[in-house]
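Residues per chain are reported as follows:
Protein chains: 2
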Amino acid sequence: MNFSVRYELYRAFFERALTEACEGMRLRPPILAESMKYSLLSGGKRIRPVLFLSALDALGADYAKETPLAVAIECIHTYSLIHDDLPAMDNDDYRRGRLSNHKMFGEGNAILAGDGLLSYAFDLLLKEASRGERHLKAAQELSAAAGVAGMVAGQSADLCATASGDAETLAFIHANKTGRMIAAPLVMAGILAGRQAEELRAFGEKLGLLFQITDDLLDAHGADGKGNEEGKLTAVSLFGLESAERLADDLAAECADILKRMEFDAAFLQGVVGLVRGRNS
Amino acid sequence: MNFSVRYELYRAFFERALTEACEGMRLRPPILAESMKYSLLSGGKRIRPVLFLSALDALGADYAKETPLAVAIECIHTYSLIHDDLPAMDNDDYRRGRLSNHKMFGEGNAILAGDGLLSYAFDLLLKEASRGERHLKAAQELSAAAGVAGMVAGQSADLCATASGDAETLAFIHANKTGRMIAAPLVMAGILAGRQAEELRAFGEKLGLLFQITDDLLDAHGADGKGNEEGKLTAVSLFGLESAERLADDLAAECADILKRMEFDAAFLQGVVGLVRGRNS
Numbered sequence: 127m128n129f130s131v132r133y134e135l136y137r138a139f140f141e142r143a144l145t146e147a148c149e150g151m152r153l154r155p156p157i158l159a160e161s162m163k164y165s166l167l168s169g170g171k172r173i174r175p176v177l178f179l180s181a182l183d184a185l186g187a188d189y190a191k192e193t194p195l196a197v198a199i200e201c202i203h204t205y206s207l208i209h210d211d212l213p214a215m216d217n218d219d220y221r222r223g224r225l226s227n228h229k230m231f232g233e234g235n236a237i238l239a240g241d242g243l244l245s246y247a248f249d250l251l252l253k254e255a256s257r258g259e260r261h262l263k264a265a266q267e268l269s270a271a272a273g274v275a276g277m278v279a280g281q282s283a284d285l286c287a288t289a290s291g292d293a294e295t296l297a298f299i300h301a302n303k304t305g306r307m308i309a310a311p312l313v314m315a316g317i318l319a320g321r322q323a324e325e326l327r328a329f330g331e332k333l334g335l336l337f338q339i340t341d342d343l344l345d346a347h348g349a350d351g352k353g354n355e356e357g358k359l360t361a362v363s364l365f366g367l368e369s370a371e372r373l374a375d376d377l378a379a380e381c382a383d384i385l386k387r388m389e390f391d392a393a394f395l396q397g398v399v400g401l402v403r404g405r406n407s
Numbered sequence: 127m128n129f130s131v132r133y134e135l136y137r138a139f140f141e142r143a144l145t146e147a148c149e150g151m152r153l154r155p156p157i158l159a160e161s162m163k164y165s166l167l168s169g170g171k172r173i174r175p176v177l178f179l180s181a182l183d184a185l186g187a188d189y190a191k192e193t194p195l196a197v198a199i200e201c202i203h204t205y206s207l208i209h210d211d212l213p214a215m216d217n218d219d220y221r222r223g224r225l226s227n228h229k230m231f232g233e234g235n236a237i238l239a240g241d242g243l244l245s246y247a248f249d250l251l252l253k254e255a256s257r258g259e260r261h262l263k264a265a266q267e268l269s270a271a272a273g274v275a276g277m278v279a280g281q282s283a284d285l286c287a288t289a290s291g292d293a294e295t296l297a298f299i300h301a302n303k304t305g306r307m308i309a310a311p312l313v314m315a316g317i318l319a320g321r322q323a324e325e326l327r328a329f330g331e332k333l334g335l336l337f338q339i340t341d342d343l344l345d346a347h348g349a350d351g352k353g354n355e356e357g358k359l360t361a362v363s364l365f366g367l368e369s370a371e372r373l374a375d376d377l378a379a380e381c382a383d384i385l386k387r388m389e390f391d392a393a394f395l396q397g398v399v400g401l402v403r404g405r406n407s
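First to last, the protein sequences are chains H and S.
The first sequence maps to residues 127 to 407 in our numbering.
The second sequence maps to residues 127 to 407 in our numbering.
Derived by calculation from the structure, the hints in this document are not laboratory data.
Be a bit skeptical, because a hint or two may be false.
Given that identical chains are not distinguished, each listed pair holds provided it fits within a single copy or across any two copies.
[Said to hold, decoys possible] List of simulated lysine-lysine pairs, DSS-like, C-alpha gap at most 30 Å:
(1) 253 - 229
(2) 229 - 386
(3) 253 - 191
(4) 386 - 263
(5) 229 - 358
(6) 191 - 263
(7) 358 - 263
(8) 253 - 263
Generate coordinates for the entire structure from the input sequences, incorporating the hints supplied.
Below, the structure written as structure tokens:
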């Protein structure tokens, strides 16, 4: 099956599961659920849940049984976007062509929408954890990736960083702010299937780096409509456009090398590498 | 043993456990751990962990083995204070006589300190969950109390509320914003000890209500140094000072009634009721 068609199948499957989860969210006051759903259901490529579901599929596991974990992954990603867009953080008025959460609902509600999504994700994780040792370990993996030794640390380092930061700082930000939450869905799939978790982690870390460098390149080209990221430490500000492009090519090649050594059919994951690398072409 | 001495023993025991947990937090960048610890180690009565540890003790469980859950409880409470103090929420410059987190570290870092503490709490919960069914259930209880059908919902309702709100709205805010996180430690103790969890929930809900109404009375008297809460929906704005005082007395009496029917020695918990009711005297 064509890569794009398969991607769309996983994405649409996830979208249905997410919509169902949202329909079950009858919260009081209504604005709490509204603000959470506004950002959750704003589309996007859903790359993290697609990585999770497709890796489970490739490993021979029944991915349809793991939709709560997929929803939890996307909830944590979405909370991080809402808080990251706040005026005190990246101060973005728009996200995916729509008003950002705080522009739509006000800052207070946006902070709570983020808190709510993170809390809701952990409700799901603790419920899934009762299914047994592998689910508990997968939940712990996601928690570690999202937390103070993962994504939150990356966000914090990004907030502290200036354009004059060094390559080591940038690597830390990329690995933690973006990399951990790209790698975690793959590692979780490996844990649930009982194999290849560490190989998938190695692949996920490279893919996460590739994802973030491509993001920096997109920003530099102004292709995301957000304009440039002047004054920020990025792969482009540090290495220049040409070197950043070369770095991205090298990472894509390293991803392909790791995938070649996998014990399962990694054709779909190779397609994702192409998708990520090709975003600015 | 005198109630105050016993309270101080539990509190000091917890304080040591919390300090140890903080010493283990070697995070990068340093400001992330600093900002988390600044609010975590700012003193206070530690009423939630003390309720948890003392209830375990009263039920005959070994409370010294449950310090990670006690730390998780306080981390979640602390994250909620940091986010609640933000300009977009309650806009408080001071907390317990010190600068609030965002006044000390800036809004961006304060948002991340809150996110970090919530994430860290769930790292602890998912680790404890691996100890068995009771620990998993206790972790789920705390997650539910803190989340979108608990504390976050209460915060959201509080943010929406105006001084012209009705008694039902106020009851919802009190029960969720404060009550759930006062009741949860008691319910968790019951779950871990394998008895009296629902009786402890009934008691905790009343105690939480008493706690919040006493808080409203403190605010009205200006005794917390924050001045009045003009324009906010509180027990005092809704019922007037005298009725609110009477309501508090009634709740304290109901708490005592529930405790009399407990199958364990509830003298310490009765002391806590007196402590909470007596805060403004």
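Status of each hint after checking the structure:
In this assembly of identical chains, the alpha carbons of residue 253 and residue 229 never lie at most 30 Å apart, being 33 Å within a copy and 37 Å across copies at closest. In the homo-oligomer, the alpha carbons of residue 229 and residue 386 never lie at most 30 Å apart, since the shortest distance is 45 Å inside one protomer and 52 Å across protomers. Both within a single protomer and between protomers do residue 253 and residue 191 lie at most 30 Å apart by alpha-carbon distance, with minima of 13 Å and 23 Å respectively. In this homomeric assembly, residue 386 and residue 263 come within 30 Å of each other (Cα to Cα) only inside a single copy, at 27 Å, whereas the closest approach across copies is 42 Å.
When the C-alpha separation of residue 229 and residue 358 is checked against a cutoff of 30 Å, the pair qualifies both within a copy, at 23 Å, and between copies, at 24 Å. With identical chains, the CA atoms of residue 191 and residue 263 are at most 30 Å apart both within one copy (16 Å) and between copies (22 Å). Taking identical chains as interchangeable, the C-alpha atoms of residue 358 and residue 263 are never at most 30 Å apart, the minima being 36 Å within one chain and 44 Å between chains. In this assembly of identical chains, the alpha carbons of residue 253 and residue 263 lie at most 30 Å apart whether taken from the same copy (13 Å) or from different copies (9 Å).
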